[in-house]
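Asks: All chains, full assembly: derive it from the sequences and hints.
Quick mapping for you: the protein sequence lines, in order, are chains A and B.
Sequential numbering from 1 applies to the first sequence in the numbering used here.
Sequential numbering from 1 applies to the second sequence in the numbering used here.
Worth double-checking, as some hints may not be accurate.
[As the list claims (entries may be wrong)] If you only want the chain B side, here are some residues facing chain A, beta carbon under 10 Å, derived:
1) Lys45
2) Asn48
3) Arg75
4) Val80
5) Lys102
6) Cys147
7) Ala148
8) Val213
9) Ala217
10) Tyr234
Since the hints were made in silico from the structure, they are not lab data.
Since the model is a prediction, treat every value here as computed from it, not as a measurement.
Think of the CB as a built atom: it goes at the ideal place given N, C-alpha and C, for glycine as much as any other residue.
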Amino acid sequence: MLKLDALFRYVERDTLMHKLDPRTKFIVILIYSIFIILSPSYTTQIIIILLSSILAISAKCFRNMMRSVLTVTPFFLIILFANYYFTRLDITAALTPSLRILSLVTVFTLFFLTTSPDDFSTALDKSGLPLTITLSFSLALKFIPTMMQQINEVMEAQVARGLKLDKGNILSRIRNYIPILIPVIILSIKRSIEVAEALEVRGLDLKAKRKPIVETSMSWRDYIYLALNTLIVVLLTAIVIYLAIP
Amino acid sequence: MILVEDLWFTYGEDFILKNINLEIGKGEFIAIMGDNGAGKTTLVKHFNGLLKPSKGKVIVDDLDTSKASIYDLSRKVALVFQYPEKMFFSETVWDEVNFALKNFGFDEDYRIHRINKVLALLWLDGLKDRSPFTLSGGEQRRLALACALAWDPDYIVLDEPTAGQDKYQREILTKIIQVLVEQEKSVIIVTHDIEFVAELKPRVVLMYNGEIVADGAAEDILSNEKLLRSSGLYPPSVIDVSRPLFDKGIIKKPIINIHDFIAALEMLARG
Numbered sequence: 001m002l003k004l005d006a007l008f009r010y011v012e013r014d015t016l017m018h019k020l021d022p023r024t025k026f027i028v029i030l031i032y033s034i035f036i037i038l039s040p041s042y043t044t045q046i047i048i049i050l051l052s053s054i055l056a057i058s059a060k061c062f063r064n065m066m067r068s069v070l071t072v073t074p075f076f077l078i079i080l081f082a083n084y085y086f087t088r089l090d091i092t093a094a095l096t097p098s099l100r101i102l103s104l105v106t107v108f109t110l111f112f113l114t115t116s117p118d119d120f121s122t123a124l125d126k127s128g129l130p131l132t133i134t135l136s137f138s139l140a141l142k143f144i145p146t147m148m149q150q151i152n153e154v155m156e157a158q159v160a161r162g163l164k165l166d167k168g169n170i171l172s173r174i175r176n177y178i179p180i181l182i183p184v185i186i187l188s189i190k191r192s193i194e195v196a197e198a199l200e201v202r203g204l205d206l207k208a209k210r211k212p213i214v215e216t217s218m219s220w221r222d223y224i225y226l227a228l229n230t231l232i233v234v235l236l237t238a239i240v241i242y243l244a245i246p
Numbered sequence: 001m002i003l004v005e006d007l008w009f010t011y012g013e014d015f016i017l018k019n020i021n022l023e024i025g026k027g028e029f030i031a032i033m034g035d036n037g038a039g040k041t042t043l044v045k046h047f048n049g050l051l052k053p054s055k056g057k058v059i060v061d062d063l064d065t066s067k068a069s070i071y072d073l074s075r076k077v078a079l080v081f082q083y084p085e086k087m088f089f090s091e092t093v094w095d096e097v098n099f100a101l102k103n104f105g106f107d108e109d110y111r112i113h114r115i116n117k118v119l120a121l122l123w124l125d126g127l128k129d130r131s132p133f134t135l136s137g138g139e140q141r142r143l144a145l146a147c148a149l150a151w152d153p154d155y156i157v158l159d160e161p162t163a164g165q166d167k168y169q170r171e172i173l174t175k176i177i178q179v180l181v182e183q184e185k186s187v188i189i190v191t192h193d194i195e196f197v198a199e200l201k202p203r204v205v206l207m208y209n210g211e212i213v214a215d216g217a218a219e220d221i222l223s224n225e226k227l228l229r230s231s232g233l234y235p236p237s238v239i240d241v242s243r244p245l246f247d248k249g250i251i252k253k254p255i256i257n258i259h260d261f262i263a264a265l266e267m268l269a270r271g
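Replies: Set out below in structure tokens:
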């Protein structure tokens with residue numbers, strides 16, 4: 001069985017990456033994401049994957065990152081082959097969209113592995129966005145591990161009832177997932193209602209002014225990290241535009 | 001027969017199961033008991049191959065679980081998880097039971113025969129066309145059990161079958177388990193519901209912190225207060241009354257459930 005529940009879960013370590021302000025890390029992944037989505041060059045995607053791997057090693061969570069990469073490898077392969085096969089393009093052109101998925105996953109995994117959900121919600125609160133948005137967003141994040149665990153439980157239960165996930169052609173394989181999807185969706189909707197009610201009975205007031213428990217502040221480290229990464233993205237963009245590498 | 005030999009299990013760091021040795025015969029009725037985190041569920045997940053031993057082996061009849069597929073093992077061992085009603089997805093009760101039968105590739109005549117049989121056994125015959133989601137809590141729990149009994153497995157593992165059930169439903173469950181035991185199915189219940197076990201009096205395997213600390217008759221283990229407390233469990237409530245009577249020599253052994261206690265009182269009254 002896949003161990004889905006350990007993916008994307010915050011790993012507590014005492015490294016430079018962990019000490020950075022969540023806002024810094026978030027802005028950096030935003031910059032990278034925009035670049036990854038727009039860049040037509042697979043070489044730059046590989047460079048980004050390598051960069052985030054190096055950062056993951058420095059943050060002592062490389063193995064966790066590899067686990068998420070392994071999980072998305074099937075999707076990577078499907079996108080790679082689909083692009084290669086259906087559009088009859090050469091392999092280099094098929095590599096760009098498939099590596100795009102992989103590089104997005106590494107960048108986001110790095111963020112989630114090094115940022116505690118609490119720090120992240122504090123940072124969101126401070127961003128000035130309305131609480132309805134920031135709260136739903138940080139709750140969604142906090143529930144990722146629960147959700148993964150839930151999927152795992154449902155999978156185990158249905159497999160114990162004789163469900164074979166890898167049986168048949170592609171279409172029937174997709175259909176095999178219906179007995180897993182339906183319970184997971186129903187349970188998630190039920191839970192979201194429960195969570196909302198629990199928040200309300202504990203006196204959550206969306207209009208009240210809030211004060212964070214944990215103070216976060218940008219330090220010189222954050223500005224250096226931000227500047228360095230912006231520089232890297234600018235350089236990569238320049239390379240893509242002026243050198244036109246594949 | 002389910003044979004567990006020197007089983008150790010870990011998810012990567014600490015061992016969750018340590019040196020488990022256990023033999024469960026065909027037709028045996030057994031309760032695996034222990035506090036939260038004792039490793040009960042982890043142990044039974046080895047019986048149908050959902051988890052594979054880190055060390056040692058688990059053998060079901062002639063299948064080694066580390067080599068056999070979950071599919072083949074599930075055909076023999078039905079595992080009903082805690083709150084199994086969460087896993088429903090079909091439009092009707094009939095389809096829900098039919099799901100596993102189709103998975104295991106039975107022909108249609110046999111499927112119809114089995115569905116009718118298990119629905120009758122679990123008092124659900126009138127509800128065939130209802131949506132599983134509209135059933136009451138007790139009916140849902142029975143439906144989940146029907147789903148697992150449908151393909152006639154030799155071993156039935158029930159994880160916390162009484163969780164969240166009222167007294168009436170527990171009585172029904174007791175009767176169903178008794179029927180299964182009479183049919184010589186191996187029934188394995190995983191629970192920390194001591195009163196339920198005291199009522200049914202199966203063989204009890206007591207676990208604590210990933211190890212088996214006791215294995216024996218329900219009367220012996222459930223009347224051993226020291227053992228139970230050191231495993232994070234409380235003795236059945238009847239013990240509070242029967243223990244002083246036993247200490248004073250009025251009854252011959254500590255009694256663990258109310259029916260036996262009443263029987264003993266009647267004996268005493270008759271002299």
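Asks: Tell me if the interface restraint on alanine 148 of chain B is satisfied: Cβ within less than 10 Å of some Cβ in chain A.
Replies: Nearest chain A Cβ about 7 Å off; hint holds.
Asks: Would you check whether valine 213 of chain B satisfies its interface hint, that is, whether its CB is within less than 10 Å of any CB in chain A?
Replies: With a closest approach of 27 Å, the valine 213 of chain B hint is violated.
Asks: Should the hint that alanine 217 of chain B touches chain A count as held when the rule is a Cβ pair under 10 Å?
Replies: violated (30 Å)
Asks: Verify the interface restraint on lysine 102 of chain B: the C-beta must sit less than 10 Å from at least one C-beta of chain A.
Replies: Holds, because the Cβ-Cβ distance from lysine 102 of chain B to chain A comes to roughly 8 Å (cut-off 10 Å).
Asks: Close enough to count: is the Cβ of lysine 45 of chain B nearer than 10 Å to one in chain A?
Replies: holds (7 Å)
Asks: Against chain A, is cysteine 147 of chain B within 10 Å by beta-carbon distance?
Replies: OK, holds: cysteine 147 of chain B within 10 Å of chain A, min 6 Å.
Asks: Double-check asparagine 48 of chain B for me: the hint is only fine if its C-beta lies closer than 10 Å to a C-beta in chain A.
Replies: Constraint on asparagine 48 of chain B satisfied, holds at 6 Å.
Asks: So, as I understand it, the hint says arginine 75 of chain B touches chain A; can you test that by seeing if any CB pair is closer than 10 Å?
Replies: holds (7 Å)
Asks: So, tyrosine 234 of chain B near chain A? Judge it on the closest CB pair being under 10 Å.
Replies: Since the shortest Cβ distance to chain A is 28 Å, the answer is violated.
Asks: At a threshold of 10 Å, is the proposed contact between valine 80 of chain B and chain A supported by beta-carbon distances?
Replies: Given a least distance of 8 Å, the restraint on valine 80 of chain B holds.
Comparing the model with each numbered hint stated earlier shows that hints 8, 9 and 10 do not hold.
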